[in-house]
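Undergrad: The listed protein sequences derive, respectively, from chains A and B. Here the first sequence stands for residues 121 to 232, where the numbers follow my numbering. Here the second sequence stands for residues 6 to 118, where the numbers follow my numbering.
Derived by calculation from the structure, the hints in this document are not laboratory data. Since we're looking at a predicted model, the values are computed, not measured. One or more of the hints may lead you astray.
Said to hold, decoys possible - Distance ranges between label pairs, derived from CB positions:
#1 B:Pro75 to A:Val198: 20 to 28 angstroms
#2 B:Lys83 to A:Ser130: 16 to 24 angstroms
#3 B:Glu25 to A:Gly216: 30 to 38 angstroms
#4 A:Met149 to B:Asn101: 38 to 46 angstroms
#5 B:Ala7 to A:Pro160: 32 to 40 angstroms
#6 B:Gly45 to A:Glu135: 40 to 48 angstroms
#7 A:Ile173 to B:Ser63: 22 to 30 angstroms
#8 A:Leu231 to B:Gly45: 16 to 24 angstroms
#9 B:Leu44 to A:His196: 38 to 46 angstroms
#10 B:Ser43 to A:Asp175: 41 to 49 angstroms
#11 B:Gly58 to A:Ser132: 43 to 51 angstroms
Don't be surprised by glycine CBs; every beta carbon is placed ideally from N, CA and C.
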Amino acid sequence: DQQVKQNSPSLSVQEGRISILNCDYTNSMFDYFLWYKKYPAEGPTFLISISSIKDKNEDGRFTVFLNKSAKHLSLHIVPSQPGDSAVYFCAASAAGTYKYIFGTGTRLKVLA
Amino acid sequence: GAGVSQTPSNKVTEKGKYVELRCDPISGHTALYWYRQSLGQGPEFLIYFQGTGAADDSGLPNDRFFAVRPEGSVSTLKIQRTERGDSAVYLCASSNDRDSPLHFGNGTRLTVT
Chain A
121 DQQVKQNSPS LSVQEGRISI LNCDYTNSMF DYFLWYKKYP AEGPTFLISI
171 SSIKDKNEDG RFTVFLNKSA KHLSLHIVPS QPGDSAVYFC AASAAGTYKY
221 IFGTGTRLKV LA
Chain B
6 GAGVSQTPSN KVTEKGKYVE LRCDPISGHT ALYWYRQSLG QGPEFLIYFQ
56 GTGAADDSGL PNDRFFAVRP EGSVSTLKIQ RTERGDSAVY LCASSNDRDS
106 PLHFGNGTRL TVT
């Protein structure tokens with residue numbers, strides 16, 4: 121039972137344009153969400169988080185949107201840069217727990 | 006400051022052997038996690054420690070897997086009677102508290118031949 125789903129395994133975007141990565145979840149108890157970026161042979165690197173009390177969080181070029189009714193979150197990267205090319209994972213945890221469930225990832229390729 | 010350190014970075018072992026994977030978390034982080042990542046998949050939760058105790062070990066696949074954190078800092082993941090299906094990257098992460106992000110190490114790539 122995949123509680124956190126990233127249905128697009130890959131995405132290609134032109135440099136300077138917007139990248140939108142999507143994530144869906146099924147567990148209504150999830151209340152804290154994270155996005156990670158992963159380069160080959162490295163561990164995942166934290167990008168941005170959002171709590172369920174918010175619907176948007178912004179940090180520089182990265183913005184995460186949360187739609188609780190749809191159980192959907194998205195990561196926007198504007199403007200996209202070639203160095204953003206990596207695999208992106210969303211993760212979620214339920215209230216009162218420390219266990220994070222990860223999606224299967226989306227490979228982003230930013231074309232110069 | 007130093008990040009999460011995992012050793013070894015690569016481990017090749019024969020089926021049936023015993024292996025230990027080590028994790029040094031960020032100093033002062035009380036929470037420590039072990040995840041496993043197979044090719045094309047996201048990190049899969051194995052176990053979480055708060056201090057010295059395993060607060061949630063629901064992700065350990067079977068009793069061949071065991072982890073300890075005796076002094077609340079360094080942790081060791083132990084796998085007995087390894088099987089080829091255990092081949093994966095084993096990731097360790099630490100954090101300050103629940104609403105702080107996990108900081109990951111670079112992982113140990115385990116190959117069971």
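Undergrad: None of the hints should be skipped; say for each whether it holds.
TA: Taking the hints in turn, this is what the structure says about them:
no., hint, in the structure
1, B:Pro75 to A:Val198: 20 to 28 angstroms, "47 angstroms, violated"
2, B:Lys83 to A:Ser130: 16 to 24 angstroms, "36 angstroms, violated"
3, B:Glu25 to A:Gly216: 30 to 38 angstroms, "32 angstroms, holds"
4, A:Met149 to B:Asn101: 38 to 46 angstroms, "22 angstroms, violated"
5, B:Ala7 to A:Pro160: 32 to 40 angstroms, "22 angstroms, violated"
6, B:Gly45 to A:Glu135: 40 to 48 angstroms, "26 angstroms, violated"
7, A:Ile173 to B:Ser63: 22 to 30 angstroms, "27 angstroms, holds"
8, A:Leu231 to B:Gly45: 16 to 24 angstroms, "22 angstroms, holds"
9, B:Leu44 to A:His196: 38 to 46 angstroms, "28 angstroms, violated"
10, B:Ser43 to A:Asp175: 41 to 49 angstroms, "33 angstroms, violated"
11, B:Gly58 to A:Ser132: 43 to 51 angstroms, "45 angstroms, holds"
Hints 1, 2, 4, 5, 6, 9, 10 from the list above are not met by this structure, while the remaining hints are.
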